[in-house]
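Now for the letters of each chain:
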Amino acid sequence: MSRPPYVTTGRYAPPAARRELTVTSADGSRLHAEVHGPEDAPAVVLAHGWTCSTAFWAPVVRLLADDHKVVVYDQRGHGRSPAAGPGGYSTDALADDLEAVLEAALESGERAVLVGHSMGGMTAMAAARRPGMRERAAAVLLCSTGAADLAAEAMVIPLRSPGARRFAHRAILGSRAPLGPVTAPGKRVLKYATMGPAATPEQIEACARIVHSCPTGVRAQWGKALAGLELTGEVARLEVPTAIVAGTADRLTPIVLARRLASVLPNCLDLTELPGAGHMTPVEEPDAVADRIRALVRDHLTAAAPEPAALAPKQKTKARRAREAKEKSA
Amino acid sequence: MAEREHEHVRVVVIGSGFGGLGAAVRLRRQGITDFVVLERAGSVGGTWRDNSYPGCACDVPSHLYSFSFAPNPEWPRNFSGQPHIRAYLERVTDTFGLRPHLRFDAEVKSARWNTEELYWEIETAQGPLTADMVVSATGPLSDPQIPDVPGLDSFEGKVFHSARWDHDYDLRGKRVAMIGTGASAIQVVPAIQPTVDRLTVFQRTPPWVMPRADRKITRAEHWLHTKVPATRALRRQLLWGIRELQVSAFTKRPKELGLVQALAKAHMHRAVKDPALRAKLTPDYTIGCKRILLSNSYYPALAKPNVDVVAAGLKEVRGNTLVAADGTETEVDAIIFGTGFHVTDMPIASRVTGANGTTLAEEWKDGMEALRGSSAAGFPNFLTIIGPNTGLGNSSMILMIESQLNYMIDYLRQLDLLGDRIALDARPSAVHAWSAAIQQRMERTVWSTGGCDSWYLDKNGRNTTVWPGTTAEFRKVTRQVDLAEYQVLRAPARTGNESTDKTVEAAA
Chain A
1 MSRPPYVTTG RYAPPAARRE LTVTSADGSR LHAEVHGPED APAVVLAHGW TCSTAFWAPV
61 VRLLADDHKV VVYDQRGHGR SPAAGPGGYS TDALADDLEA VLEAALESGE RAVLVGHSMG
121 GMTAMAAARR PGMRERAAAV LLCSTGAADL AAEAMVIPLR SPGARRFAHR AILGSRAPLG
181 PVTAPGKRVL KYATMGPAAT PEQIEACARI VHSCPTGVRA QWGKALAGLE LTGEVARLEV
241 PTAIVAGTAD RLTPIVLARR LASVLPNCLD LTELPGAGHM TPVEEPDAVA DRIRALVRDH
301 LTAAAPEPAA LAPKQKTKAR RAREAKEKSA
Chain B
331 MAEREHEHVR VVVIGSGFGG LGAAVRLRRQ GITDFVVLER AGSVGGTWRD NSYPGCACDV
391 PSHLYSFSFA PNPEWPRNFS GQPHIRAYLE RVTDTFGLRP HLRFDAEVKS ARWNTEELYW
451 EIETAQGPLT ADMVVSATGP LSDPQIPDVP GLDSFEGKVF HSARWDHDYD LRGKRVAMIG
511 TGASAIQVVP AIQPTVDRLT VFQRTPPWVM PRADRKITRA EHWLHTKVPA TRALRRQLLW
571 GIRELQVSAF TKRPKELGLV QALAKAHMHR AVKDPALRAK LTPDYTIGCK RILLSNSYYP
631 ALAKPNVDVV AAGLKEVRGN TLVAADGTET EVDAIIFGTG FHVTDMPIAS RVTGANGTTL
691 AEEWKDGMEA LRGSSAAGFP NFLTIIGPNT GLGNSSMILM IESQLNYMID YLRQLDLLGD
751 RIALDARPSA VHAWSAAIQQ RMERTVWSTG GCDSWYLDKN GRNTTVWPGT TAEFRKVTRQ
811 VDLAEYQVLR APARTGNEST DKTVEAAA
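Line by line, the protein sequences are chains A and B. Under the numbering used here, the very last position in the first sequence is 330; numbers go up by exactly one each time. Under the numbering used here, the very last position in the second sequence is 838; numbers go up by exactly one each time.
There's no promise every hint is true.
[What the hints assert, rightly or not] Partial list, computed: chain A residues near chain B (C-beta under 7 Å):
{"#": "1", "residue": "THR232"}
{"#": "2", "residue": "GLY233"}
{"#": "3", "residue": "ALA236"}
{"#": "4", "residue": "VAL256"}
{"#": "5", "residue": "ARG259"}
{"#": "6", "residue": "ARG260"}
{"#": "7", "residue": "VAL264"}
{"#": "8", "residue": "ASN267"}
Simulated from the structure, these hints should not be mistaken for laboratory data. Cβ coordinates follow ideal geometry from the N, Cα and C atoms, glycine included.
Construct the complete structure from the given sequences, taking the supplied hints into account.
Rendered as structure tokens:
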């Protein structure tokens with residue numbers, strides 16, 4: 001019982017926060033947030049995914065905290081954020097919480113690169129039209145996530161019929177079955193469902209500790225919300241420069257979902273496909289994720305004098321036309 | 331820009347056959363009422379309106395050859411005739427309230443994609459209009475094909491195509507030539523044989539003809555199907571299931587068709603006793619390579635004394651004499667062409683101009699290809715119903731049409747999600763990958779290996795018409811639009827700052 005819900009040694013162990021704060025969201029929900037790294041450094045905000053917690057970001061925080069102000073927070077019901085009441089599990093709530101965290105953890109006028117993994121990515125999508133997001137986010141990185149059709153596209157239960165897959169995955173997402181203590185068979189299941197073949201025992205242990213500690217009720221409530229997810233319209237309105245990272249061996253949010261995001265995003269910078277990586281990209285490939293974040297900070301936060309917003313759409317159109325022409329001729 | 335000078339609708343549907351009417355029903359059911367159906371003729375029915383030749387019937391059982399959402403418990407026969415199918419479509423039009431959407435005598439002259447405004451500009455015989463989306467349901471069997479036969483102009487008798495039958499012309503006592511032995515011809519021949527003086531059938535390639543289990547559907551069955559709808563549904567499921575099981579023989583194991591071929595041969599031998607005629611009527615290719623025809627009356631009609639079969643195509647017309655490729659000369663009063671349709675070169679394709687300024691016909695000059703049978707690259711928000719590689723050799727096209735309509739509805743749903751002034755254009759890479767996968771599967775099919783030339787193949791010998799799988803598989807791959815296969819096109823912003831002023835001006 002005394003085992004903490006995360007590993008305590010090595011690069012996957014959560015580092016101590018410089019400052020902790022409690023954020024109050026629009027509906028009064030309280031959220032646990034942490035700030036790592038120097039306060040005056042460029043800011044990065046990390047939003048974790050379903051059944052995870054701030055501890056999930058440990059390896060990425062360790063790579064960035066020397067020269068970045070890294071903000072992490074527990075999504076409602078996860079980690080140290082208390083569960084919400086009835087009706088508190090929706091993509092709107094995710095967006096509310098993100099806006100609240102941005103407001104509380106950043107200085108007035110301070111902008112940040114926003115990174116979301118899985119449900120954390122959906123958080124960024126859900127907030128696309130929120131003023132807090134538009135003012136604060138200099139760029140977005142979406143890791144291993146999708147906007148819609150998760151239950152039908154997931155390949156955890158590798159049925160051939162999408163209808164049957166949707167049924168099976170909905171059942172899994174909404175299941176209240178307890179995961180129990182972290183055991184070897186449990187870890188094998190977790191690795192199969194969420195990680196690539198190259199995942200190390202340390203990575204699996206780190207993820208298992210985090211996932212197994214998520215309360216079953218919270219897991220089921222969020223799972224249900226994810227099963228019916230439809231954020232395509234929000235993605236189409238996410239005007240912030242956005243990059244995508246995804247693993248090619250992801251069964252939970254298969255790479256096709258990332259390709260759809262790349263199609264739909266109005267200002268998609270690129271899609272980095274990590275060969276052999278599963279769903280847990282920030283843990284499986286922390287260096288790749290951290291490097292992409294660094295580049296986004298460099299290109300869109302520190303270098304950029306305020307974004308010449310007027311010019312952006314036109315350049316984008318031009319770039320797209322050029323791309324079309326190229327594809328056409330290919 | 332808000333008040334447009336022309337009429338604008340969300341969707342334009344071209345054609346009012348099974349495809350167009352089905353699209354209209356599905357749109358209305360989805361709550362989309364802002365659409366019109368453009369029809370070049372004066373009534374609905376498409377292929378089933380145009381083909382009114384004597385004996386015209388469908389060779390798929392009616393309980394399967396009908397919309398799933400518009401069941402008809404009272405089909406008169408297993409294989410209902412054209413008048414009943416046409417009447418069914420008229421009834422569907424009324425039942426689902428489609429009349430207000432129909433524009434008759436509104437042939438589409440041209441459709442052009444406006445890359446600035448992201449809509450289609452359509453010129454019709456009734457004037458112009460614009461639409462966010464075009465659903466082209468013009469059908470593969472809509473424009474008759476008459477071969478370019480030297481001397482045909484000089485022929486003094488009557489000439490028409492089976493799909494444009496001249497009912498005012500009396501065939502009684504006439505010497506008639508039937509050119510072709512395809513699906514239409516084999517229905518025409520037994521229907522006119524008793525009344526004409528002489529009938530000469532010009533046959534380039536003999537078809538395989540199977541018996542047709544046609545009969546009247548009894549009143550007891552009508553009663554049962556009306557009172558217990560589940561029995562009608564079960565009947566449909568059975569008809570469907572049998573045909574699904576046949577597919578793999580066509581697509582993967584043509585050798586399994588040997589038994590079917592033996593049945594077809596026995597069917598012919600029963601009716602035709604003359605060895606010379608038998609020899610002429612026996613195909614030299616595997617059954618299924620060309621469309622398998624169903625008829626109980628074709629062979630008996632050919633065996634009648636007033637019918638001649640010329641085992642050669644029509645080469646030339648000299649006055650009233652028809653010269654076959656084998657030199658046979660026949661003097662006739664009338665020529666009926668049963669020579670098929672422009673299938674791999676759909677005429678609508680030359681009237682549609684896409685985002686790159688080229689027509690669909692130009693893009694398809696080396697062969698038709700479209701993503702999931704629907705979307706051609708460079709033609710945003712343009713779906714073809716019964717597009718490339720959606721045809722069937724053995725089952726009901728209505729199943730394929732309904733799958734494509736699922737795709738259409740999801741396309742519109744995604745467009746709605748994405749926002750205003752947005753269009754989807756199939757990525758060329760996705761279209762090519764789709765069509766390459768199909769062509770690869772095509773290699774082992776009977777249509778490629780059976781040793782025949784057919785209307786399934788285009789001029790380069792590629793099969794761009796038939797779906798090489800089951801209808802269930804097609805339904806699965808068209809249930810949803812995969813946005814990764816499309817580019818999202820956004821119109822340049824209209825309001826606001828200087829940088830966009832120019833584009834607004836250009837568009838105005």
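Hint-by-hint comparison with the structure:
no., hint, in the structure
1, THR232, "5 Å, holds"
2, GLY233, "4 Å, holds"
3, ALA236, "4 Å, holds"
4, VAL256, "6 Å, holds"
5, ARG259, "4 Å, holds"
6, ARG260, "4 Å, holds"
7, VAL264, "6 Å, holds"
8, ASN267, "11 Å, violated"
Hint check: a violation occurs at hint 8 only; the rest are consistent with the structure.
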